[in-house]
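Engineer: The residues making up each chain are set out below.
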Amino acid sequence: MAVATREQAPAAADRGVWSWITTVDHKRIGIMYAVAAFIFFLVGGFEALLIRTQLAGPNGTVLSAEAYNQIFTMHGLTMVFAVIMPIAAAFQNYFVPLQIGARDVAFPRINAFAFWLFFFSALFLYTSFLFGGAPDGAWVGYAPLSTQLTEYVRMDYYSVGAQLLGVASLAGSINFIATIFTMRAPGMSLMRMPVFVWMTVVTSFLLILSLPVIGVGLWQLLFDRNFGTLFYAAQAQGDPLLWQHLFWIFGHPEVYVLILPAMGIVSEILPVMSRKPLFGYAFVVFSGIAIGFLGFGVWAHHMFTAGLGPVAEAGFGLATMLIAIPTGVKIFNWIGTTWGGRLKLTTPMLFSLGFISMFVIGGLSGVTHSIVPADTQQHDSYYIVAHFHYVLFGGAVLGYMAGAYYWFPKWTGKMLSETIGKWHFWITLIGFNLTFAPQHILGLDGMPRRTYRYDAGLGWDGWNLMSTIGSYLIAVGVLVFIWNIIRSWRNGEPAGNDPWDGRTLEWTTSSPPPVHNFDEVPVVHHVDDFWYRKYGIDEDGRAVKMPEVSGGALTVDTDTGGEDGDADAHDIHMPSPSYFPIIASAGVVILGAGLVFISSGAIGFGLLALGAIVSLWGFMGWAGEPITKEAH
Amino acid sequence: MVSEGAVVDHDFEDTGNPIHRVRKTAMWAFLGSEAFFFGAMISTFLLYRNTIGDGPGAEIFNIPFTSASSFVLLMSSLTMVLADNSFQKGDQRQGRVWLIGTALLGTTFLAGQIFEFTEFVHEGLTISTSPFGSSFYMLTGFHGLHVAVGVLLLSMLVFFSLRGRYSPDGGMNVELVALYWHFVDIVWIVIFTVVYLLQI
Amino acid sequence: MRRIVSIVALGLVLASCSSNLPQSSLNPKSVEAQKIDGLWILVFSIATVIFFAVQIALIVSIIRWRRRPGDDSEPKQTHGNTRLEIVWTIIPAVILAVIAVPTLRTLFELRAPATGDVLRVKVTGHQWWWEFEYPDIVGPDGRPLITANELHIPAGKTTELEMTSADVIHSFWVPPLAGKRDLVPGLTTYIKITPLESAAGEVIPGQCAEYCWLGHADMRVKVHVDAPADFEAWTAGQLEPAPMPTAGAAAAGFETFSGVCTTCHQANVRRPDGTVETIGNAVGPDLTHFGSRDTFGAGILENTAEHLAAWIDDPSSLKPMAPELNDLDRGRVLGMPDYGLDPDQITELVELLESWK
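Chains as they are written, first to last, in this note's numbering: chain Y, 1 to 632; chain S, 1001 to 1200; chain C, 2001 to 2357.
Fair warning: there could be bad hints in the mix.
[As the list claims (entries may be wrong)] 27 Å max Cα-Cα, derived DSS-like pairs, lysine-lysine:
(1) C:K2157 - Y:K534
(2) Y:K344 - Y:K545
(3) Y:K534 - Y:K545
(4) C:K2035 - C:K2157
(5) C:K2122 - C:K2357
(6) C:K2157 - Y:K344
(7) Y:K545 - C:K2076
(8) C:K2157 - C:K2122
Honestly, the hints are just simulated from the structure, not real lab data. Just so you know, these numbers come straight off a predicted model, no measurement behind them.
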């Protein structure tokens, strides 16, 4: 690809905090996403433990209702916006350019801006605990409860915090779309892209089309709370259901945003560990796209108890049933991938298989929600809590754990310990099922969610205790994972370029990859191109290892033509570091803080002014940096 | 796309400057997102178009006046095309004239909107009068904000071009701003039709 | 291992199906809840079969195709099988179509307006209690029957709840009697309940299912399914005005009641001269027949003199509320304040309220 920068990539200045703050390297940004997401995972997990401790027995007294409401709201917001979305972004940032054979993302500085905006916004959301309390209107923020109490800034924090996190995610998604559609290596047609890249395309589209809808809702919420508009004011015939529509038009695609990248990761790992191609690549890709499309047409199944009328409910119920079909296709194709393989039951494979198994449960309980009358019993009960944790923990989190074990060697050049990894897997799987399986029963037995206490005598005590014990077991699993990371980082087995005998382009480069990713831009001829450089097929259709060929034999550098077009890594120009993205993002978050405190007068306006100055500084400096710096 | 086995995919080379292609792809993605942003606000307005409480409703609209200002905005798309055309031909001097013209037309539209808002407030329609008022001001206000951002971008283009720092490969380029500007105009046509003209 | 866990989990679900828990949706006690339960059992059974089919396929594949130590052979490279993939796209579609038919039938049945001999009850959700008004059961003074938190309905007859909310969204959920339905301010929603004859005499618990802030967990409801004769007797009693006491502690309590409690509570009172008058504001629960209720505080406290005294003394200590944010002019009520009554006044009030059976 054309590399138009005039500046040499900094070689020696790669270390130190400053180099991380100013980095525009997609790999470093990916790592920062991962670290930030993991920290918030610990925070959100701690909140979960508080919740489970409170609910261990009837009429728990660990938390007051007021504290409980803030904790469960923040648990939801944290896990969705500050853990799963950014951990997906971490993998996408690091591996999408590598998998499509690109040297970077389309807009490295926008990438840095998106990360810092996410990170500062999430931190900002947590400052609410210090200034007036955390959001306490549940992560769905249903009006008119969310517009009711203007004495507290809690739901202003919610409105602005979610808005900012949305903008960060929007910027990241636009970047991925531009990257994937315009920067693929020569020969990598869309239908040769790894499934993980495909799922990134789908989630990016879901995000850019759904975030603006919740954005409008969040503005309306903020205006209702602070400026006297009447969008959700029932006394003025404002319609509280409008919020639910706007929220779930975002919220349902959001569920797929959380799970599809994990499905992509699993679709990468299964073929590698089964040593045969993904079964029905095209079916898996198209089912992912179908899930994305249908995901926009089922939002009202979150509103089956809200009084939409039977015709609308029937329509959305049927649409919800439909979405089970492409989901089922994926599961069958995954099993088809393992069938007839030589399964290497490594830790990433175990997590992937665990993903399939647990996701089947979450998927089936999801189908029961499409049975509208039955859903009126399940809705807002612990059955729902169980369902979406089977999808988001048993599904997404296990999928991302699989990804962490699979790609850790590429990040660090070291393998994570397989022995500890297997302990991690089994403890997590057992703890997870112990925590969430009983919650199905609790829900069916009438326990509503978002309740800080319950009476004895309803048959809920034992299941709740079991669930709490399970949650502590999950925490043990997380500790084992941390131990594994620390241990392996220090003295893990060296990984080499291609520890799993991989199929995709990230395994062709060193571990960790150089700043410019590839010395020579690869040329792609197949899905799983790297595999076909290593293996041929004999007359029985079995893979046969080919004699080692030097990597350059099958690649052509498309940069040839420029005067410095040879493959010498030292002549590849990468974008220069910049501190303007971090300044601009800090400015935007300060602006947001001003909006939160706008009804307290001077403080709010002061913050707005400060935010305006800082963000102007950031953006003007950004625009003023030599343009050629960004063009690469 | 190439068939299996071809050595080089001409995916990049065929489309001219890859930087343009990257930026335009991103801009289209952004505008897709913007379309849903306005879509959600238009839906809100449609929901509340008759929820006027004790305040005034659509009868306060001055259709001839808004038609005139809509025409002004529509004309600005024409001047934007001419500006883009001049820049494509490398005639920055002529292009600047058209850019300034576009910005002035946009400013005229904004002035009209401010005048219109003032009139409506005098007639008793504020953001707190009714959900109708809230959603009307939010929709047209956010659109006005987009026009204002557009005027700012146009002014920056003129500034860069005057200082000789304009480059078609730069982040600020006429083609991208033109895309944005046309989008904002098209959104206004939808708003004008749905809010002012359609009286269901 | 995974399989054992799954089977255990499934066994637990099945075990809970046969249980007789008071607030369980698997323990249906109305015609409507039975229909929902039938649908659930159908879907759950199909899901169970699919669950086992998929998990067994996965486990078999893992066991059969795992790489044995020392086996370095490579598998056959299959890229897919279009016919097979089309088959496993169509099979789920067919299964879903089969489920869709009874789903839609039941949905339209349950959502159809109630016809025939129907008891109507207006339900209003408040932070954090339930108001029930029987518009068709009217006393001689023209006042309809109004009560709070304990709903009485006759067994074997359809009751239709017409629900709305006075503040934020709530959701009426009594799992053995019906699926939940939201109470949305500015909107009316409906639930039909036809309790089984066999449920007569039972008190069925439920609670608010839409998060409504501090008191959400404590916004409970008790539904008394009465035999028709008992229901008649209950309504007759409830339509009687509360007697205004003329002597003793209760009379002193009435002074406090009409001076303090009526800020938010209402009572339909018969004065000694025989005139009937409704006093107070209908902001909190109607107290005309407070003494006849089994519980108070929206179902969280057994209705005893000690509990009531403790409640009046400091309501927020027994149930999280935010009375400091009350703004009656704007219609915002977030709980009962502590009025700082002295112990004698409290005793007198308790005496009065418990006497209003």
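Engineer: Now look at each hint and say whether the structure bears it out.
Structural biologist: Against the structure, the hints:
A threshold of 27 Å between alpha carbons decides the hint, and for K2157 (chain C) with K534 (chain Y) the separation of about 75 Å lies outside it, so the pair is violated. Between K344 (chain Y) and K545 (chain Y) the CA atoms are separated by roughly 17 Å; this keeps the pair inside 27 Å, and the hint holds. Straight-line distance between C-alpha atoms of K534 (chain Y) and K545 (chain Y) comes to about 6 Å, which keeps the hinted pair within the 27 Å bound. A threshold of 27 Å between alpha carbons decides the hint, and for K2035 (chain C) with K2157 (chain C) the separation of about 16 Å falls inside it, so the pair holds.
Restraint check: the Cα-Cα separation between K2122 (chain C) and K2357 (chain C) comes to about 22 Å, which is no more than 27 Å; the hinted pair holds. For the given pair, K2157 (chain C) sits about 63 Å from K344 (chain Y) by alpha-carbon distance, which is inconsistent with the 27 Å threshold. Of the pairs offered as hints, the one joining K545 (chain Y) and K2076 (chain C) holds, with about 13 Å between alpha carbons and a cut-off of 27 Å not exceeded. Distance check on the hinted pair: K2157 (chain C) and K2122 (chain C) sit about 17 Å apart at the alpha-carbon level, within 27 Å; holds.
Violated hints, listed in ascending order, are 1 and 6; each of the other numbered hints is respected by the structure.
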